[in-house]
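Below are the chains, spelled out letter by letter.
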Amino acid sequence: MTDSAFDISLTVNGERVRERVDARKTLVDFLREDLALTGSHVGCEHGVCGACTVRVNGEIVRGCLMLAVQCDGAKVETIEGMSDSGEVADLQAAFEQRNALQCGYCTPGMIAAAQDLLRRGGVPSRDEIREHLSGNYCRCTGYHAIIDAVEAVAQARAGGR
Amino acid sequence: MKPAPFAYKKARSLDEAVALLVEKDARLLAGGQSLIATLNMRLSAPSLLIDINGLGGLDGITVKGGAVEIGALTRHAQAERSDVIAKQAPLIARAIPHIGHPAIRNRGTLGGSIAFADPAAELPACLLALDGEIDATGPKGKRTIKAQDFFKGLFETALGPQEVLTAIRVPAADNAARVGFAELARRHGDYAIVGLAACARANGKGLSDVRLAYFGVGSTPVRAKKAELALASGNIDAAIKALDLQPHDDVQATGKVKTHLAGALLRRVAKQLLEA
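Taken in order, these protein sequences are the chains called P and R. With the numbering used here applied, the first sequence corresponds to residues 1 to 161, in that order. With the numbering used here applied, the second sequence corresponds to residues 162 to 437, in that order.
Hints in this document: simulated from the structure, not taken from any laboratory. All values reported here derive from a predicted model rather than from experimental measurement. C-beta: ideal position from N, C-alpha, C; glycine also. Fair warning: there could be bad hints in the mix.
[Stated by the list, open to error] Estimated spans, in silico, between C-beta atoms of each pair:
| # | chain 1 | residue 1 | chain 2 | residue 2 | range |
| --- | --- | --- | --- | --- | --- |
| 1 | R | V245 | P | D34 | 38 to 48 Å |
| 2 | R | E317 | P | R126 | 36 to 46 Å |
| 3 | R | D335 | P | E128 | 27 to 37 Å |
| 4 | P | R120 | R | R384 | 32 to 42 Å |
| 5 | P | V17 | R | V183 | 29 to 39 Å |
| 6 | P | N99 | R | M202 | 56 to 66 Å |
| 7 | R | S380 | P | D3 | 30 to 40 Å |
| 8 | R | D410 | P | E128 | 30 to 40 Å |
| 9 | R | K402 | P | R126 | 22 to 32 Å |
| 10 | P | G159 | R | K248 | 28 to 38 Å |
| 11 | R | S369 | P | T38 | 38 to 48 Å |
| 12 | P | Q155 | R | G367 | 43 to 53 Å |
[Unchecked claim] Subject to a maximum C-alpha distance of 27 Å in a straight line, what follows is the list of computed DSSO-like cross-link-like pairs (lysine-lysine):
| # | chain 1 | residue 1 | chain 2 | residue 2 |
| --- | --- | --- | --- | --- |
| 13 | P | K25 | R | K163 |
| 14 | R | K171 | P | K25 |
| 15 | P | K75 | R | K170 |
| 16 | R | K170 | P | K25 |
| 17 | R | K163 | P | K75 |
| 18 | P | K75 | R | K171 |
| 19 | R | K307 | P | K25 |
Just chain P, with the same shape it has in the complex:
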């Protein structure tokens, strides 16, 4: 009646994917190990650090707190997809220009979380940016440069309209 391995079919970065997964495999491990999409990082594996942040059906989630089997039929987008489409190109450039990354481990999750805030439109305050990124740890930068980069992109996008 019940099983522990399942055939799933989903869209990852616009491509149709069919795989057989163990029920216990998390989404982020599935992306990294089965699909070789290693841009989503595995940090704490219990939902604290945010390094595994990806989009499922348009909303950011923790890749370590969802099972791959739960993504049957879902639309998953990773940093690779957001990067290839150019959707986050300005954020990536701003992070580089403002030293908003050093080791880079948190960066894919940071960019995904920042983009989630910025695509709502408007120019969020620094407090709002901090709050939205509060679930993403960075152990290098001390965060100020990250807030600077996100704020600059928000202003540039608003000015560009």
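Chain R: place on chain P using the hints.
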């Protein structure tokens, strides 16, 4: 770490979920934002996960007979965006931004938070402060449990082993309803060191029916009844003196520090209650 192996079954109906719970060590999977973390750390190793995410009719926010009813599978983010919650359940509206982070709130469910009953979580305290109710369905049918009878101990509730929490209900706020909420956490969105959910009725320039529910100070959310009476008589300092919480030391703070912080939070929350 990675989870130990388990079987997985997507429930197609509430009845099926209840029936599957007969299996020893079966667990319900709703938002999974606490459960999957404990699986990853192998703090829990269920034999079977029953995924209830696909069940229809268990999410949604409605107003019925003077109460706001929130389906168990309502995500925190959904409640955060809800006008009904903002206007008619303002205590919950104030609490939700403190629950985890945006990515957590997109998955985590209100029913899951209540059923998990973490002693430092926001929603159990809100439900206790609001004198709310919990609906559950089990092999013998549906029943309703008052919040004050629901939280039994550390991560322990009145739910039976085969019962599924289906909805929570709180009285809809009217013009005289006042609410207050504050918590202290090391990082925004983390579990509270100490928190306080409160409600009252405006009574002239003062308050009546004050209900203070602290979290992070015991094995369940805790009412501070002596302080409630003192606050209703209008004396904030007396209310702080009347606090009779007995928090234990934990990894975040000593009991003594928590007692001090509980007083500081009471001052902030009293101010919110007194503001119209």
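Hints versus structure:
1. R:V245 <-> P:D34: 38 to 48 Å: holds (41 Å)
2. R:E317 <-> P:R126: 36 to 46 Å: holds (42 Å)
3. R:D335 <-> P:E128: 27 to 37 Å: Taking Cβ atoms as reference, R:D335 and P:E128 lie about 31 Å apart, which means the hint holds.
4. P:R120 <-> R:R384: 32 to 42 Å: holds (38 Å)
5. P:V17 <-> R:V183: 29 to 39 Å: holds (35 Å)
6. P:N99 <-> R:M202: 56 to 66 Å: violated (34 Å)
7. R:S380 <-> P:D3: 30 to 40 Å: Given a distance of about 37 Å, which is inside 30 to 40 Å, the answer is holds.
8. R:D410 <-> P:E128: 30 to 40 Å: At roughly 35 Å between Cβ atoms, P:E128 and R:D410 fall inside 30 to 40 Å, so the hint holds.
9. R:K402 <-> P:R126: 22 to 32 Å: With Cβ atoms ~39 Å apart, the hint is violated.
10. P:G159 <-> R:K248: 28 to 38 Å: holds (35 Å)
11. R:S369 <-> P:T38: 38 to 48 Å: About 60 Å separates the Cβ atoms of R:S369 and P:T38, which means 38 to 48 Å is violated.
12. P:Q155 <-> R:G367: 43 to 53 Å: holds (47 Å)
13. P:K25 <-> R:K163: The hint holds at about 8 Å.
14. R:K171 <-> P:K25: Given that 27 Å is the threshold and the Cα spacing comes to 16 Å, the pair holds.
15. P:K75 <-> R:K170: holds (21 Å)
16. R:K170 <-> P:K25: Holds, because 14 Å separates the two Cα atoms, which is no more than 27 Å.
17. R:K163 <-> P:K75: Between R:K163 and P:K75 the Cα gap is close to 24 Å, so the pair holds against 27 Å.
18. P:K75 <-> R:K171: holds (19 Å)
19. R:K307 <-> P:K25: violated (38 Å)
In this structure, the earlier hints numbered 6, 9, 11, 19 are contradicted, and the remaining ones agree with it.
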